[in-house]
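Protein chains: 2
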Amino acid sequence: MNNLKSIADLQVLLHKALQKTSFVAKPAELYEPISYILSLGGKRLRPVLVLMATDMYGADVNAAIPQAIGIELFHNFTLMHDDIMDAAPLRRGKTTVHEKWNTNIGILSGDALFVKAYQSIVKTEPKYLVALMDLFNQTALEVCEGQQYDMNFEKQERVSMSEYLQMIKFKTAVLLACALKSGALVAEASAKDQQHLYDFGIHIGLAFQLMDDILDVYGSQKDFGKQIAGDILCNKKTCLYIKAYETASVAQLQVLDYYFDSVDFPAQEKIEKVMEVYEQLNVQSLCKDMMDEHFAIAQTHLQDIEVSEERKATLQEFAQLLMVRVN
Amino acid sequence: MNNLKSIADLQVLLHKALQKTSFVAKPAELYEPISYILSLGGKRLRPVLVLMATDMYGADVNAAIPQAIGIELFHNFTLMHDDIMDAAPLRRGKTTVHEKWNTNIGILSGDALFVKAYQSIVKTEPKYLVALMDLFNQTALEVCEGQQYDMNFEKQERVSMSEYLQMIKFKTAVLLACALKSGALVAEASAKDQQHLYDFGIHIGLAFQLMDDILDVYGSQKDFGKQIAGDILCNKKTCLYIKAYETASVAQLQVLDYYFDSVDFPAQEKIEKVMEVYEQLNVQSLCKDMMDEHFAIAQTHLQDIEVSEERKATLQEFAQLLMVRVN
Numbered sequence: 093m094n095n096l097k098s099i100a101d102l103q104v105l106l107h108k109a110l111q112k113t114s115f116v117a118k119p120a121e122l123y124e125p126i127s128y129i130l131s132l133g134g135k136r137l138r139p140v141l142v143l144m145a146t147d148m149y150g151a152d153v154n155a156a157i158p159q160a161i162g163i164e165l166f167h168n169f170t171l172m173h174d175d176i177m178d179a180a181p182l183r184r185g186k187t188t189v190h191e192k193w194n195t196n197i198g199i200l201s202g203d204a205l206f207v208k209a210y211q212s213i214v215k216t217e218p219k220y221l222v223a224l225m226d227l228f229n230q231t232a233l234e235v236c237e238g239q240q241y242d243m244n245f246e247k248q249e250r251v252s253m254s255e256y257l258q259m260i261k262f263k264t265a266v267l268l269a270c271a272l273k274s275g276a277l278v279a280e281a282s283a284k285d286q287q288h289l290y291d292f293g294i295h296i297g298l299a300f301q302l303m304d305d306i307l308d309v310y311g312s313q314k315d316f317g318k319q320i321a322g323d324i325l326c327n328k329k330t331c332l333y334i335k336a337y338e339t340a341s342v343a344q345l346q347v348l349d350y351y352f353d354s355v356d357f358p359a360q361e362k363i364e365k366v367m368e369v370y371e372q373l374n375v376q377s378l379c380k381d382m383m384d385e386h387f388a389i390a391q392t393h394l395q396d397i398e399v400s401e402e403r404k405a406t407l408q409e410f411a412q413l414l415m416v417r418v419n
Numbered sequence: 093m094n095n096l097k098s099i100a101d102l103q104v105l106l107h108k109a110l111q112k113t114s115f116v117a118k119p120a121e122l123y124e125p126i127s128y129i130l131s132l133g134g135k136r137l138r139p140v141l142v143l144m145a146t147d148m149y150g151a152d153v154n155a156a157i158p159q160a161i162g163i164e165l166f167h168n169f170t171l172m173h174d175d176i177m178d179a180a181p182l183r184r185g186k187t188t189v190h191e192k193w194n195t196n197i198g199i200l201s202g203d204a205l206f207v208k209a210y211q212s213i214v215k216t217e218p219k220y221l222v223a224l225m226d227l228f229n230q231t232a233l234e235v236c237e238g239q240q241y242d243m244n245f246e247k248q249e250r251v252s253m254s255e256y257l258q259m260i261k262f263k264t265a266v267l268l269a270c271a272l273k274s275g276a277l278v279a280e281a282s283a284k285d286q287q288h289l290y291d292f293g294i295h296i297g298l299a300f301q302l303m304d305d306i307l308d309v310y311g312s313q314k315d316f317g318k319q320i321a322g323d324i325l326c327n328k329k330t331c332l333y334i335k336a337y338e339t340a341s342v343a344q345l346q347v348l349d350y351y352f353d354s355v356d357f358p359a360q361e362k363i364e365k366v367m368e369v370y371e372q373l374n375v376q377s378l379c380k381d382m383m384d385e386h387f388a389i390a391q392t393h394l395q396d397i398e399v400s401e402e403r404k405a406t407l408q409e410f411a412q413l414l415m416v417r418v419n
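Line by line, the protein sequences are chains U and R.
Under the numbering used here, the residues of the first sequence are numbered 93 to 419, in order.
Under the numbering used here, the residues of the second sequence are numbered 93 to 419, in order.
Keep in mind the hints are simulated off the structure, nothing from the lab.
Note that the structure is predicted; figures quoted are calculated from it, not measured.
Hints should not be assumed to be uniformly reliable.
Where chains are identical, the list cannot tell them apart; a pair therefore holds if satisfied intra-copy or between any two copies.
To be verified - In the DSS-like style, the derived pairs of lysine-lysine whose C-alpha atoms are separated by at most 25 angstroms in a straight line are: (1) Lys135 to Lys186; (2) Lys118 to Lys261; (3) Lys118 to Lys219.
Isolated chain U, as found in the complex:
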């Protein structure tokens, strides 16, 4: 059995594999945006998860690289199209594709990138292909569903916590879960282990998204690198927002409605008043409990996987690294 590889080792492997994937072709208007979005970097979490899962079983990570690259390309495709739908000017601090070029190019380059994802996946050993494709296709549909729910929520007056969890599960968690299960599939892990890895991915994904919501309001600006409480300013229906509405008294509801029904307040006043209610209702702590709960469920799934504790070390480390910011 191979020695367990570190996250850094796997990132190097992936980096090399991605560099070998060429996106230089004509017409330039179609392919340059693909090279551009991939050049913006990112932590390559999802493809690293594929390889970590394969490596946990001591199987050859090279066998999982086409699927890992496919998932990373798919992720970047969703970013390109999501940025159009969200009218986002920036992605990773750089101009988004539809802003740098135009919307049509963002749509069409995204489509081409999606095909490129499948071109990578189909390079996997054929005996795994049907199972990998079924998993990937199902996940891709769920990611679309998650994005649609997210857009629906903007216009929906009330969003329940269960609706919210379903949305972040589809929009974020399922792709992490798919990545892990894909790696296990290529390693020929048992169906039970594959499911535990999938569930580990789901709950780590949920915990991560809940953490993201909390940090938007309670993280320090320096650590988080975003405007503090941007979610409050743009009335985003986050975990904190939903929890506050779930638990507020009539008087508190009035304050929340007053500030969320309009954008005509000085930013500082709006943030302070909403955070006052959040504090009265203890929503930070309630949401942190939810986050901790999902993190704990993820841990039990990792424990239940039938490989030695040593071989789980990289995934353990990964989970800790992801969550370190609020734990």
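Given the structure of chain U, go ahead and fit chain R onto it with the hints provided.
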């Protein structure tokens, strides 16, 4: 060997298979546009081509149905995204998806429909899957490239005939070729026959598109169902336009530039003056020659296929039906 099926038989088979493919799921905003665009009908040319090719070899057409459906879903996905890019208000006489809902829904429903195409393809017998996917992915990329060239041409001052043929090859012909080759692949036809069918598809596709350009100007309104000479009115760089620019004298160039550089003319005057130059230059006949040439090349590829003439009857009939409008 099975009896050769008629085009009508194959259309019925396909219709049933498409009806079994369910697009009823949540969220409705994502899936209703898919059901909607499929309900607009169309002749289902591409999936019928898949089945015709399989049937020509006497193989079981049911084995080709997942690929046929996949290609039809892909085609509808491209229509959904193309209509956004072209800002088209109507598709088959009905409101386009992005007009009926909105652009974001058009983008995301299209993406989901693209996944649905792959979900169908992956249902094919696994032994054909890698070859079918490779062919399909390559084709899908080329279709994106064709659409990008088409958009580029709008801003490009001069388009050569070879650039134009490359564009229509990618935008239209390769998917017909892919459909035919897919059917042959599932029938386990020889590599040589697969290539002949592919080339038959390319040249029939080119002939069809050239015919479309000619009919826009020279078809009768009743038969063609579109505004006559709409291409002239909106300065579209068609085969006729390009041929005219290729062959015009300095004086004729001045007339063409005068009318194509502006939109500020009464429609009738613009059409008449441009058609006058077209007539002087004999472009209708020159383009018809190009069309006939591609139709003839298609025929030779069909002749070279190693099956009996009787089993080629449906494809022969199809080719005649496609071109009947100007022949």
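Of all the hints given earlier, name the ones this structure violates by number, lowest first.
Violated hint (a single one): 3; every other hint is consistent with the structure.
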